[in-house]
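Numbering (the numbering used here), first residue to last: -10 to 256.
Some hints here could point you the wrong way.
Label-pair restraints from in silico Cβ distances [said to hold, decoys possible]:
| id | residue 1 | residue 2 | range |
| --- | --- | --- | --- |
| 1 | Ala128 | Gly50 | 25 to 31 Å |
| 2 | Phe213 | Tyr64 | 36 to 42 Å |
| 3 | Val70 | Thr225 | 32 to 38 Å |
Here are the simulated lysine-lysine pairs, DSSO-like style, with alpha carbons at most 30 Å apart [to be verified]:
| id | residue 1 | residue 2 |
| --- | --- | --- |
| 4 | Lys180 | Lys102 |
| 5 | Lys161 | Lys90 |
| 6 | Lys161 | Lys36 |
| 7 | Lys90 | Lys102 |
| 8 | Lys180 | Lys43 |
| 9 | Lys63 | Lys180 |
| 10 | Lys74 | Lys180 |
| 11 | Lys63 | Lys90 |
| 12 | Lys74 | Lys63 |
| 13 | Lys74 | Lys110 |
| 14 | Lys161 | Lys43 |
| 15 | Lys74 | Lys102 |
| 16 | Lys90 | Lys74 |
| 17 | Lys161 | Lys74 |
| 18 | Lys161 | Lys180 |
| 19 | Lys36 | Lys180 |
| 20 | Lys36 | Lys159 |
| 21 | Lys43 | Lys74 |
| 22 | Lys102 | Lys63 |
| 23 | Lys90 | Lys159 |
Hints are computed from structural coordinates only; laboratory data are not their basis. As the structure is a prediction and not an experimental result, all values here were calculated from the model. Yeah, the Cβ is synthetic: ideal placement off N, Cα and C, and Gly gets one too.
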Amino acid sequence: MVMLIAKLWHFLVVLFRPRLWWFVAVLSAFAADEKVLEILEKTVDEKALEILDKTSAYYQGLEDFRAVYGVTIKYPEEDTVQCGKMEITARGQQYRLSYGKKKTITDRKTVDKKETITDGKTVWVYDEDLNEVTISEYAKTDSDLNFAELYNLYQQGYQSVYIGERIVHKTKNIIRDIVQLTPLDEGSSFKSITLEVDRATAQIHRWEVVQNEETRYICTVCRFSVNIPLSDDYFTFDMGAHPGVEVIDLRESEEEQCEKTADVDEG
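Using the sequences and the accompanying hints, generate a full structural model.
Here it is as structure tokens:
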């Protein structure tokens, strides 16, 4: 679960800081007041682990899912806020992740759209504004979107703390539990991840990642669905749907790329 959030967070960092360019993790933290600091002194928070175990079991049981998120990124040094929309559809190690910026969180139009697609063998990274796709081989790493493994990662390297509950709707008894994860590694690039989990369904509805320099990445689930009818080609890039797309194939050798460039120049 932590690595999934980390991948989404890196995707957003890359999008808003274009020179970094690669993908994926995200989202919710509350300021560490005296109560939080007192709880952090505990070695194990059984209530937090119970909630995370339940959430882990829920997501591991899904064969596929599609989620749409509203995203807000707050930069303290610039005193600015940027908004966006992110959508991810996943099945095993196959996934399709897209993101676009918005002028406001309620704006329906997105710009600077980017998309990452993989079928578990090949990875396509598409930049809509440039009409450019970069192709590379899929490389399995510990941070891959393998949901059979990801949702157990909170058990190592993070301290889990139960912060409290938030009553969303008292009459309908909709309650969300708040759990904060703090990395044990002092060299980590972020300070905390806070999850807001629905008590009845174990679904994560909101989360926030706080970086060391206090930049905050906040995601709120807008829509979530499972058991989606998906064809295998949904997790591949359709060249025909993007006329004139520029292809950068990193699977080719330098010689092959030079030959292709020479052919274009001669033409």
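Evaluated hints:
{"no.": "1", "hint": "Ala128 / Gly50: 25 to 31 Å", "in the structure": "holds, 27 Å"}
{"no.": "2", "hint": "Phe213 / Tyr64: 36 to 42 Å", "in the structure": "violated, 28 Å"}
{"no.": "3", "hint": "Val70 / Thr225: 32 to 38 Å", "in the structure": "holds, 35 Å"}
{"no.": "4", "hint": "Lys180 / Lys102", "in the structure": "holds, 28 Å"}
{"no.": "5", "hint": "Lys161 / Lys90", "in the structure": "violated, 34 Å"}
{"no.": "6", "hint": "Lys161 / Lys36", "in the structure": "holds, 23 Å"}
{"no.": "7", "hint": "Lys90 / Lys102", "in the structure": "holds, 7 Å"}
{"no.": "8", "hint": "Lys180 / Lys43", "in the structure": "holds, 24 Å"}
{"no.": "9", "hint": "Lys63 / Lys180", "in the structure": "holds, 15 Å"}
{"no.": "10", "hint": "Lys74 / Lys180", "in the structure": "holds, 24 Å"}
{"no.": "11", "hint": "Lys63 / Lys90", "in the structure": "holds, 13 Å"}
{"no.": "12", "hint": "Lys74 / Lys63", "in the structure": "holds, 15 Å"}
{"no.": "13", "hint": "Lys74 / Lys110", "in the structure": "holds, 27 Å"}
{"no.": "14", "hint": "Lys161 / Lys43", "in the structure": "holds, 21 Å"}
{"no.": "15", "hint": "Lys74 / Lys102", "in the structure": "holds, 10 Å"}
{"no.": "16", "hint": "Lys90 / Lys74", "in the structure": "holds, 7 Å"}
{"no.": "17", "hint": "Lys161 / Lys74", "in the structure": "holds, 28 Å"}
{"no.": "18", "hint": "Lys161 / Lys180", "in the structure": "violated, 34 Å"}
{"no.": "19", "hint": "Lys36 / Lys180", "in the structure": "holds, 21 Å"}
{"no.": "20", "hint": "Lys36 / Lys159", "in the structure": "holds, 22 Å"}
{"no.": "21", "hint": "Lys43 / Lys74", "in the structure": "holds, 27 Å"}
{"no.": "22", "hint": "Lys102 / Lys63", "in the structure": "holds, 19 Å"}
{"no.": "23", "hint": "Lys90 / Lys159", "in the structure": "violated, 34 Å"}
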